[in-house]
Structures are given as C-alpha cells and as structure tokens.
Amino acid sequence: MSNLYTESAVRHDLHKVWNDRAKEAYLYTKLDSGRVRCRLCPRSCEIPPGGVGFCKVRKNIDGTLYAQSYGKATHITIERIETEAIHHFRPGGKILSLGNFGCNLDCDYCQNWMYSQFQYTAPETIHSYSTDQVIQMAKANNVNILSWTYNDPAVWFEFVIDTAREAKKHGLLNLFKSAFFLSHEAVEELSRVIDVFAISIKAMDEEYYKRFTRGWLAPVLENTRFIHRSGIHYELSNLVVTGLTNNIQNYDKMIDFILDDLSPDTPIHFTRFHPDYKYMHVAKTPVSDVMEARKRALDRGIRFAYVGNAFNCEGLNTYCPGCGELLIERFGLNTYAKPTLGPDGGCRKCGLALPIRSIDPADLQGEAIPV
Amino acid sequence: MSSAVTTKSYRYTWTEEYYLLHLQFNDSAPGPYEATLVREYDGGKRRTEKLPVVQGVPSHRILVSRSHPREEAFTVEYPGRITLEVFLLDDRAYYPTQAYYRG
Chain A
1 MSNLYTESAV RHDLHKVWND RAKEAYLYTK LDSGRVRCRL CPRSCEIPPG
51 GVGFCKVRKN IDGTLYAQSY GKATHITIER IETEAIHHFR PGGKILSLGN
101 FGCNLDCDYC QNWMYSQFQY TAPETIHSYS TDQVIQMAKA NNVNILSWTY
151 NDPAVWFEFV IDTAREAKKH GLLNLFKSAF FLSHEAVEEL SRVIDVFAIS
201 IKAMDEEYYK RFTRGWLAPV LENTRFIHRS GIHYELSNLV VTGLTNNIQN
251 YDKMIDFILD DLSPDTPIHF TRFHPDYKYM HVAKTPVSDV MEARKRALDR
301 GIRFAYVGNA FNCEGLNTYC PGCGELLIER FGLNTYAKPT LGPDGGCRKC
351 GLALPIRSID PADLQGEAIP V
Chain B
1 MSSAVTTKSY RYTWTEEYYL LHLQFNDSAP GPYEATLVRE YDGGKRRTEK
51 LPVVQGVPSH RILVSRSHPR EEAFTVEYPG RITLEVFLLD DRAYYPTQAY
101 YRG
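The listed protein sequences derive, respectively, from chains A and B.
Heads up, the first sequence is in this note's numbering, so the first residue is 1 and it goes up one at a time.
Heads up, the second sequence is in this note's numbering, so the first residue is 1 and it goes up one at a time.
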C-alpha cells in the first residue's frame, strides 16, 4: 500500500542525534577548518563539523567523515532474483535482500521514502547486522546471492564493500541494485566486489532528473557505460511514470542509449509505477504502456525487453530472439523453465546461444500448477 | 511440564490489485521452527511449500508471489510463538512499513 506523505509526517531526525564513530567513511577528503568533502557521489558534498551530507547518513564528526548507517539495516528478506529486475543471471535464484537508510537522491515518487529520506526513519525499524552475521545467515539458509537494495545501497557503501568482499571468500555472490548516481571511483571500487548490477535509469532527460530526483543524469549514464565495458553482468530498468515518462520520446532515448552505447543484448525492464510519497495524483502505470515500450524496443533491435511490476503478460517471459520460442515463462516473480531452454541458456529449438548466465536447474520451477 | 505445540494459520485470497506480499516472521524467543505455505488453485488442487524461514533472528521477511493465474489463495501455517505480519506490495523493490495483517 502506498505511503502517503504529508507536511506533518513524523520526523525522527536521527541524523541530528547519531554520532557513531564505529566506521570511518571511505572516499572523502579532509579540508581546512575541520570540513570534509565526500567523494562517494557526484554531489561532492562539502560537510562542516557536525554536519551531514545530502544523504544524511555520512556525518562529519570532529573533522572525520563517519558512515552512520554501517551495519544498520531493514529486516533481511528472502526473495528471488527477479525481484531486482534481473532475468539473465541465475534465473529463479534465491537472494538475501538487505536495505538500509538514507539516499543521495530524493525522488518525488519514492516508494521507500520512509527509509530513503532518513529524517522520517523511525528508530524501532532499524536492525543491526554484522558482516559475519549476514554471511552466516545466507549460508545457513542456502542462499548464494546477497542483494543490496531498497533505498539505494550507494549510501551504504562501506558496509556493502566490506561485506561483499568477505562474502566472496565464502563463495557468495553480490547483487547491487541502484540508481547509480555515484562517483566514478565509487563505481570502480564496487566493480571489484559486485557480480551483478541492476541499474535503474529514471529517465533520459537532465531536466527530469533535476526536477523529480534532485540528481543529474550524465554520471548515471557514464557509470553504466563503465560497467558495460567491464564485462560484469548488468541489466537496466526504467520506471515508466504516468504522465512523465510514458511516452515514445522517453522510450526512444532509452533505446538509443542501449543501441548506441551498450549492446542490443542488454536486458531492459520497463517498469510500472505506482503512486507514492509526493506523487499521488496520477494513476498506476497501465500495463499497456510498458508493453508499448517493450514492443518499441524489440522493434528497434533490442533483443531482450521486459516489463516490470506486472503479473500475467508475455512481457515477463524470455523468448529466443532467433526463432521466437518461449524459453522461460514468468508469472509475477515465479520463473518456469520450458523444455526448450538448454542448460547453458541456449535455445534447444534453433540452437541460438543466449546471454543468460549461471543457470542452476534447482532454481527453476517446472510446472506452474500441480499436475 | 510439557506444553503442547500450538500452530497458527493465516489465509489470504489473491485479488487483481496485488500479486506480491511480504511475510514478516517475528520470533519472540529465536529458535528453530518451520513454516509452510499451502497454495490453493481453482479446481481444488493444492501445493505445499516449506518456507525458507531464517533461524535464530528476532524477525525477517519472505517475499511471496502469486504463482499462476489459477492460484486463488494461500494459507501460511506457523508456530504459535511466532507473530506474523503481512505487507502488501505495490512494487517488487518495495519495502513497506505498514502491516496489512498481524497475528
């Protein structure tokens, strides 16, 4: 259910009272007079002593920048990888999702605003986890992928880096779902420990970014190009917002970016919006709109276009781009392998190899309903 | 003195509006337990799944997705000491905070 924002929403303002020195931040520079400059994201916040950055979770305490949310999280949640708009890596795989607090954007329609906008986060919703606890919970429950998600894990940078690095020693993989509004050096650091990136591009328009997200687009695109060149698996999603981005111009700009700068094999998920936070005055995006975006992408040469936040439509399925055969059928976040899907992700009908990585038959369901 | 193991259950009927839920298991005395999900389809067919509950933590969530258009409802069964909270999800990457059900 949507969380309606009002001017009288309860503010807890924990950033004003927390003074946690447990973890010194990475990526910052000490300046004169006790000030620091954060280098985590393109904002490059210059923070005076006692102050916090735009994200409200990186605090200057006596001239040193500390990561206030280190080891503090929402509940862990067991989900499937499709939750993160990832269809071509370990389809059907279980993930251990972790989110935290704060964000370096402030999107008008944020569905997680009670966490992402830290002034509204209630203390009773905050839980503590250590790196070791996260790893042990994943291993004990036979989950092989940690998913850093929900608010935007960008501002949980230190805990993500430390835990992901340690998790890799235990054979675990790491998925990072983000709006990718990060500095280049932050993305470089992440690329050393992250196995899958789910990148959310809000729109292909600078004015849109400034007006509705309080960020800007250029670094998001540059970071995406960098990950593409790195060879790390990534998929894109584009939130199709009623009245804002549900138009052919937005679809075409997104498609142009993929075809010109990335690859026609890059999966793109056109995702439905629902009213939330400060953007309550329009309807949920119709399925027909995201299906139109998907069709446009396929017609123009993108090979894997999907729709998101839909339950029952062909836009969720994976088809062979060579012969059109249905290979993976989905209802909501449930994934059913068809007999035509080969163990290496190829199409058994025409023999085409598809860029689907790390398939584990144990993750895939066979029959959608009991026989 | 031994005490009988009590179980609780919660039944949810799917609607056109939501196809995703978070089940939050709150364990007042963290210890081993099991929980199951019984999916109910039209025509009376059922499928029972063991839920991947995380042991030894005070609370955590599990995402449940409607599995097929013919799935009409499900029932979650869990030990009496557990308090279940159910959250409706508008979006797959959503972390809701207001429970739809608690019991």
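It cannot be assumed that every hint is accurate.
With a straight-line Cα cutoff of 30 angstroms, these simulated BS3-like cross-link-like pairs (lysine-lysine) come out [what the hints assert, rightly or not]: (1) A:K253 <-> A:K94; (2) A:K169 <-> B:K45; (3) A:K338 <-> A:K295; (4) B:K8 <-> A:K349; (5) A:K349 <-> A:K210; (6) A:K16 <-> A:K278; (7) B:K45 <-> A:K139; (8) A:K139 <-> B:K50; (9) B:K50 <-> A:K94; (10) A:K338 <-> B:K8; (11) B:K50 <-> A:K338; (12) B:K45 <-> B:K8; (13) A:K168 <-> B:K45; (14) A:K210 <-> A:K139.
Because the hints were derived from the structure by calculation, they are not lab data.
Status of each hint after checking the structure:
no.: 1; hint: A:K253 <-> A:K94; result: violated, 33 angstroms
no.: 2; hint: A:K169 <-> B:K45; result: violated, 44 angstroms
no.: 3; hint: A:K338 <-> A:K295; result: holds, 23 angstroms
no.: 4; hint: B:K8 <-> A:K349; result: violated, 48 angstroms
no.: 5; hint: A:K349 <-> A:K210; result: violated, 47 angstroms
no.: 6; hint: A:K16 <-> A:K278; result: holds, 24 angstroms
no.: 7; hint: B:K45 <-> A:K139; result: violated, 33 angstroms
no.: 8; hint: A:K139 <-> B:K50; result: holds, 18 angstroms
no.: 9; hint: B:K50 <-> A:K94; result: holds, 14 angstroms
no.: 10; hint: A:K338 <-> B:K8; result: violated, 37 angstroms
no.: 11; hint: B:K50 <-> A:K338; result: holds, 24 angstroms
no.: 12; hint: B:K45 <-> B:K8; result: holds, 22 angstroms
no.: 13; hint: A:K168 <-> B:K45; result: violated, 42 angstroms
no.: 14; hint: A:K210 <-> A:K139; result: violated, 41 angstroms
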